[in-house]
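Participant: Each chain, written out:
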Amino acid sequence: MKRTLGMAFLLGLLAACGSGDSGGGGNAGSSAPNTVVGLVTDIGSGARLAGVTVRLVGSSRTTTTDSRGEFILQNLPPGMVKVDVEKAGYAPGHGLAESTSSAQAVLIALKKEGAEQNYNPTQARTLFQRTEAGPYAVIFSPNSLNTTDANLRVVVTPLDPTKEDGALPGDLIAGGASPTPLGAVTFAEFSILDSQNRRINLKPGSNAIVELPIPPELRSRYKIGDKIHCYAYNPQTGRWEDFVEGTVERSSVDGTTPVLKASIRHFSWYGGAPAVQDQECVLVVVSNRFGPLEGAVVTARPGLRAVTNRLGQAEITIEKGVPVNFVATKTYTDTFVDNNGNLIPKPGAKVIDIGKVYEDDLIGLDGKNYSRRPGPCPANSVQSVRSAATNPLPIRVAPAPEGFYSANALLQPGGVAIVQLEKGIPNADGDLDNAEPAAGAKITISDNAGKTATLSELAPGAYFANNFDVEPGKRYTLNIDADGNGSIDGSGSAFALGNVAWSNLSNGGSYSAASLTATWSDSASAQPGYNALYQVSFQRNGGSGVSDLAFYLGSERSFQPRAQTNPPTPLTPGTYTVTLNAFSGAFNGGNLDITDNITGIGMQGQIFSLQAVNPITITLTP
Amino acid sequence: MRGAIWLALVLLVSCSGPPQRSHYVLVSQAGSSTVAVVDPVQGRTVKRITVGGLPHRMILNPDGSKVYVVLVGSQAVAEVDVQRLEVSRTFLTAPVPERRSDGSLIQPHFDQGAFSKTSCFACHNPGGAKPFIVGERPVGIAFSSDLGSLFISHIRQGRLSEIDLGSGRVVRAVNLPPSGSANEAVEVARVGSRLVVAMRPRQPSSEAGAVRWLDEGTLDPLSEAPTGSDPAFVLPLEDSALVSNFESNTLSLHSPGSSPKSFTVTPGPLGMLAVGQGRILSLNYYSNAVSLVDLASGQVQNYKLELGSRVFVNPTHAALSPDGRRAYIVSSGTEGHLVVFDLERRQVSQAIPIDGLSFDVVVVRR
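One line per chain: the protein sequences are A and H, in this order. For the first sequence, the numbering used here begins at 1 and goes up steadily by one. For the second sequence, the numbering used here begins at 1 and goes up steadily by one.
Think of the hints as simulated: they come from the structure by calculation, not from any bench. Beta carbons: idealized from backbone N, C-alpha and C, even for Gly. Careful, some of the hints might be misleading.
[Unchecked claim] Covered stretches of chain A (in silico footprint by chain H; criterion: 3 or more residues with CB under 8 Å from a CB of chain H, positions within the stretch not fixed): (1) 167-177; (2) 232-240; (3) 251-264; (4) 525-539; (5) 605-611.
[Claimed, not checked] Label pairs and their calculated CB-CB ranges: (6) Asp111/H / Asn120/A: 58 to 64 Å; (7) Pro131/H / Gly450/A: 21 to 27 Å; (8) Ile106/H / Gly450/A: 29 to 35 Å; (9) Thr264/H / Thr64/A: 40 to 46 Å; (10) Thr63/A / Ser309/H: 20 to 26 Å; (11) Pro528/A / Ser167/H: 37 to 43 Å; (12) Arg125/A / Thr264/H: 43 to 49 Å.
Work out the full structure: start from the sequences and follow the hints.
Facilitator: Written out as structure tokens, the structure is:
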């Protein structure tokens, strides 16, 4: 009898928790057929974008996003739906969703466009937009554009997929009979606008050359001379097309940055993404606070797309051995879930649950033993039901936060990890106005060997990883649930710096101004994927002329100090103060303004590591 | 009523044409290291043969028993037995190196016995040794006059190798001298007892490529003519060679000792297929179209690759059906299709899903 009561109590608890529906599966919710809902955000700030024009490709239907950045398209034809989105000041965005018997959500992140540059198309010109990765360039031949307008504006919008892959349009896959993920390397959007603000393209048969920097984090993987597959995004088909091989070469703009150089035939989003050869199949489970969700859409980058079955599970193909971004969405268009777990009919409502996991842990075999197997998932595995003994990768979804959060995370090599989290309203620059500490967040940190910790909140908005030593040269990932509702709102990763020290300079030393090449070491430089930026300055004490200062910013570990004359000349002999700073990840300050590397919906921020080597004084001799 | 049905059946039969000889269509699927065996009657891939890294060009031997697949990423050629639809042998197209370009020893090549392998895919495969793509990048392929060997052109170092099909070993190899900045041997074909090699500069480039004629017996150069900066394919004809110029949207007809004759097609000509009566089908990658080129009259007719509202993008290569009425065209977008193009109606009649980023196609008997 006691046992029976115990079982009844347990069943009651299960029912109250909503961990399974009455049929023994997940909670599917109710959603309208052939409906697509969407959310448009700024990839930089994470802010929801209102007033964005949304156009259904292949029809005249348009709509705009509401004050929450959301839109809804109903009564669509079945099949893959393509939407184009436009907002002044942003590069064009594109999204894909399946119009089926249940509604799906499309998340579109827009990237603020680069600066406009004037161009007369009768001339040969190289135009570029520079970021911390280097110059993103387009090289025009004379009269190659399909216009007679002499007053064109060229906009180059760089995109570093190691930080902003959420803004890449469409699915980055080679589809067809047997889909294969493509691994994103470097991208940019190229817009050519005429006097009437119409988009201009190349004449049929003409081409232009583009140069896209290899992101610092990928430079150990792609070397000078390597070939990388390049694609242009076709908004009409919703696919990446026009595959050609590009070559990694030195930038023609600065002569040093390794860039992917390729021939382009259509201006659009363009970039390099080789087919992923080493694949594995991972089992994921998507749930909200009531239990597993059927019909949730999961996308992985690098990886494919899958839809969860009645147990909330899906098998999804990913690239093996690299960090993978998982994003899950679940939408309910004509019902919503109240605080008691009831589905409330609400015609026209747009409810999008979102969950993100940035999983470094999939790199190492010694990490969490998620259910996975070598090779791509079988074609019909999406609806297969796995046994309860499996250990799927959990992705928790919840409504995207209404507030805006900013995170600032410091990795102190040999020390601790500290995160400051603020909540406020983003201004036009993406910074938060009226920022207040954000309490109650759930933040985890993990390294690339499977070690994970949950951060403690020391004070409101200040989080600290207790008993978690940050080791030089390791890669660390933060997953931030800013509002503490169980779903990850933002994530990002960076390497902890190694120990940086001068190799051939010492305090009080004397060197030839004409022949000196300053070199330094970084104990983590041999780590796969590791990349640091080094900032070096030579300043003559008491001097202020052009020949009294030399400056370097880059990822090499040597530098020949030269005055910024044309041509560069040796520095004036004398006594110099020499500084050396090293940075990893995103860091604002010290004359650096680097793209945020913590991204999410309603979230922006930086995770970084820095080291300042003590300044030294040296003498440069004639 | 019964008469109407009978008439409809008669019309249906008369419109469907004679039954096709039984055949398969083989497609090299570069993204998945496989060759797809497509049954055009069923309209699907019935088998996938794992051949090696980045399979691209394929040729069928004259008796139809073997298909040779160039493995760009594995520095090898795979021989596929047509009857069994299996890889029967692989051949290296260049020696396995002992050292890297920086001079350091590649110790795993010694530890793993790499020098006795017949394809780098044995070790450099998905889940295996990194990098996945290795070697001298073989691309072009042609039979020797006596059909006893294969000539293979390589992108790196402009190497041309001859593989003896009896022993499966490289018996001759030369590094072709560059022509200006054109130093990549992207394609090779044989016209009689002469070889035709297309050379191109490292891409992207606007500098000229070259079409070089070699003596098959000595591999000595006979003559050379400039061509576009990105020659993609060489189609051997009776006493000349047709070269597709990917970047300048032309096909150029080369004969030793005479100036090339040029035909303008829609953007991005890549593969070419002789379809009879002196006509050539040009596969125009960037324009999602094909051109029918009459070499005698110079007439060029262009056709979009569309079926209903669907556009089939990035055609690469084509093969002729046994009855000569259809061309099987590889649509090599990220969403791949084998497109059936009716040469009489000059329109797409069918599209069969294959892997994205596929490349070449041959027709074999069942």
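Participant: Of the numbered hints stated earlier in the document, which are not met by this structure?
Facilitator: 4, 5, 12
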